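J.: One letter stands for each residue in the lines below.
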Amino acid sequence: MAIVLELLSRKDQTLKYFKFNKSEILVGRDHHCDLRLEDPYISAEHVRIKQDSEDHTISFEDCDTVNGTLVNKQLLPSGQLQGNDILKLGRTRLKVVNTNQPVSAALPLSQLEESLNWLSHSGVAILLTLAYLVLSMVLEFTNSVVAYNVFDMLPKEMGQMALLSAWPIAFAIMGKVFNKESRVVSQFSILWLTLFIFYGLYLLEKLVSFNFNAPEGLIWVELMVYALVLFACIWLSLFFAFHQTNKRRNLVSSMMTLVIVVPIVSLSMLGSNDFSAKPAYNSIMLPPIYQFRPASDVNTFVENSASLFTELDEHLASESSAQKNADD
Amino acid sequence: MRYLFFALALYSVMGFAQQTAQNLFSHYQSALYQIRIIELGSGNKSSIGSGFQINDSGVLVTNYHVVSEYVYFPEKYRIEYLAADGTVGELSLVNIDVVNDLALVQVQSDNKSTDFFSLSAQLPEQGSSIYSLGNPHDLGMIVVPGTFNGIKKNSFYQRIHFTGSINPGMSGGPVVNPEGEVVGVNVATAGNQIGFLVPLTKIRALISMNDFTPISANEYKRVIATQLMDNQQRLFERLEHEEWKLNELGGAKIPTLTGPLLSCWGDSNSADQEALYLSVENRCSLDEEIFLHGGLRTGGIEIEFEWLESDEFGAHRFYDFFSGSISGASAGNHAGKNDVSNYQCKQDIVANNHDVKTKSILCLRAYKEFPHLYDVLYIGATLNHESQGLISHFTLAGVSQGSAMRFTKQFVGAIAWQ
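Which chain is which? The protein sequence lines are A and B, in order.
Just so you know, the first sequence maps onto residues 1 to 328 in the numbering used here.
Just so you know, the second sequence maps onto residues 1001 to 1418 in the numbering used here.
What the hints contain is simulated information worked out from the structure, not anything from laboratory work.
Honestly, I wouldn't trust all of these hints.
[What the hints assert, rightly or not] These stretches of chain A come out as covered by chain B in the derived footprint (C-beta under 8 Å, 3 or more residues): (1) 167–177; (2) 285–292.
[As the list claims (entries may be wrong)] Listed below are the simulated EDC-like cross-link pairs for lysine to aspartate or glutamate, each with C-alpha atoms no more than 20 Å apart in a straight line: (3) B/1346 / A/311; (4) B/1368 / A/313; (5) B/1337 / A/327; (6) B/1202 / B/1181; (7) B/1346 / A/297; (8) B/1221 / A/319; (9) B/1253 / B/1110; (10) A/95 / A/157.
[Stated by the list, open to error] Every beta carbon over 10 Å from chain A, so not counted as near; a handful from chain B, in silico: (11) 1151; (12) 1277; (13) 1288; (14) 1347; (15) 1359; (16) 1360; (17) 1371.
Here the structure is a predicted model, which means the values were calculated and not measured.
C-beta atoms are modelled at their ideal positions from N, C-alpha and C, and glycine is treated no differently.
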């Protein structure tokens, strides 16, 4: 049998493991102690921890120290210790580990980990970074109506990419802190891949809305798809940054997706029913090679618009009857 | 000697004008009124105008826009007059003509003045002296001598062009010939010495179709609706019967009106050396609108075309730019949320008989108080070419479904390629 102690951080994370193959240990600041702790609030000989040789129960005894010993926040001179009890000596916290209790089962190694190995190749990440730079330059180019100079635009695009880099860097730092491994290359690959998918979706949406006259349901489908891609991006970032169960990862990614999507949606819905002198319509036009929809003739278009007149009349009629009811 | 003669002639003309003005003023003072719109809450005047008496039963003519607040909110305002002798009294609304900006009001007092203006038998000749009477900026009644310069061209809503200054507050005052007979009513100004008057015929028409029985307050909106409906009917009949011809704009042919009904302006960016594209614009519009109240105008028409082309852009860049150029179109007339609904739009890809394929967007909003009248906005852009195209756009204010649909068909159907 052995006494096992864990040194805890302020946030209850295990910083160090100590295992003593002895039935009694002395904890303190003195050099002859079994466990020596550099904490000015700990006495030279602070606490004795003993294990009963028969029933293996663990007990402790404070050595009349200046600051005393707290067990689960209670100041006690001596007593029994259970597994998971936390001892506080000075400012240091130690957890007593119950060696009789089985540890939790091992997490199964994810197949995903293997299949996503290619994301961690720096070659891939550099290629994706460059490809994204080119893509954003091309986008900027098609959007410009003045003479375009690549070298004028380069600093602006790189600045934007630097801003975007905050995302993978944040995850890499968290990975480094909690997992001792940053996996920054994979994080960058995920970011650029996600942005590629977003842009592809944007192009697809343009194509669909142009050729199908911007149907009303499209915006919701679009929103769902964007939210899914965002979810996947967050999920993968978490996957590389932390070891956690799938259930927890799903939960955290869903929450983060909602936190990003909900404000965007509610901001865009805000005031959409307010009065405006500007009509809301879709102005996207695409060059002839992307035009798949056969054109209707002028008469059909104008006759079809008759429904707009009746819709407006009905809308006003229902509004004024609602007004009357409210007045009554 | 010649100079002296010229100077004498000038002096005599001025002297004559001065005399007429003095005579007119002293003679007709008692038939001139200041009209005040009194806000009931504060009991003070919220706007002023002028008016003149046209018969011995105390009926006055003024502008519709002078009394528009009362017409729209009869429960919040009342109309009051201030006569030349300083007496103040109530006025009741008899009838209105929103299209020509005229209104008839009647003095609600027993001692009505018996002086009144008579209407001239015909309009004077161009260049004749005429005199505008009114009370500018609440400064008291004045006479402004000026010149009759005929009926303004480019106008569907007829106006006399008066060279002389008309100022706020003079609206609704009479304009008379040297004999003191009314030839028009002050209505608007376009800056320095350019004034506009409602012509005689419109006043006569309003008076002749009335037996001066007042319309009741809850009928005002219905009367306006009928007048607007009839007016748009006349306007669109005239538009359809006018001669349209195809004019070149860039690589396209656009329908343009040959007559003077609309006034047109053009513009292009060809002087801009740095521009990577060519933009040529053609805009036509009806010069006047119908004033209904402070935040609502209607009866206007705007037609705009813009040709865009670029040798530099290539298809993708051009269409990005082209899409941006048709976004953000806005209503052509002022209207608030109590007046009209929000726009609703329909769009499609449409090809006409001239092989012009356009992305066409038609948007409408309905008038809340005037059933079956709409503001219509159309914007279309051609899709036939890789890096050139025509944007066609119009707004129609206060039109019926029939007029709107006929006009749209004609408009979209007429565009062609060169």
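J.: Does each hint fit the structure? Answer for all of them.
T.: Hint-by-hint comparison with the structure:
Only residues whose C-beta sits within less than 8 Å of a C-beta in chain B count toward coverage, and the segment 167–177 of chain A has 0 of them, not enough to reach three; the restraint is violated. As drawn, the segment 285–292 of chain A meets chain B at 6 residues by the rule of a beta-carbon pair under 8 Å; at three or more, the given contact holds. In summary, the hint linking residue 1346 of chain B to residue 311 of chain A is supported, as the alpha carbons are separated by about 12 Å, within the 20 Å threshold. In summary, the hint linking residue 1368 of chain B to residue 313 of chain A is supported, as the alpha carbons are separated by about 9 Å, within the 20 Å threshold.
Under the criterion of a C-alpha separation no larger than 20 Å, the hint pairing residue 1337 of chain B with residue 327 of chain A is consistent with the structure, at around 19 Å. At most 20 Å may separate the alpha-carbon atoms for a hinted pair to count; residue 1202 of chain B and residue 1181 of chain B meet this at roughly 15 Å. Using a Cα cut-off of 20 Å, the hinted pair residue 1346 of chain B and residue 297 of chain A holds, with the two alpha carbons roughly 15 Å apart. Among the hinted pairs, residue 1221 of chain B with residue 319 of chain A is consistent with the structure: their alpha-carbon atoms are about 18 Å apart, no more than 20 Å.
Among the hinted pairs, residue 1253 of chain B with residue 1110 of chain B is inconsistent with the structure: their alpha-carbon atoms are about 65 Å apart, more than 20 Å. Using a Cα cut-off of 20 Å, the hinted pair residue 95 of chain A and residue 157 of chain A is violated, with the two alpha carbons roughly 51 Å apart. The Cβ of residue 1151 of chain B lies farther than 10 Å from every Cβ of chain A, with a closest approach of about 33 Å, so its non-interface assignment holds. Remark: the non-interface label on residue 1277 of chain B conflicts with the geometry, its nearest Cβ contact in chain A lying 7 Å away (cut-off 10 Å).
Non-interface status of residue 1288 of chain B relative to chain A is upheld: no Cβ of that chain comes within 10 Å, the nearest being about 20 Å off. Under the 10 Å C-beta cut-off, the non-interface status given to residue 1347 of chain B relative to chain A is violated; the minimum distance is some 5 Å. The Cβ of residue 1359 of chain B does not lie farther than 10 Å from every Cβ of chain A; its closest approach is about 5 Å, which violates its non-interface assignment. The beta carbon of residue 1360 of chain B sits about 6 Å from the closest Cβ of chain A, which is not more than 10 Å, so the claim that it is off the interface is violated.
Here residue 1371 of chain B does not stay apart from chain A, with its beta-carbon only about 7 Å from theirs, under the 10 Å limit.
Checked against the numbered hints above, the structure violates hints 1, 9, 10, 12, 14, 15, 16, 17; every other hint is satisfied.
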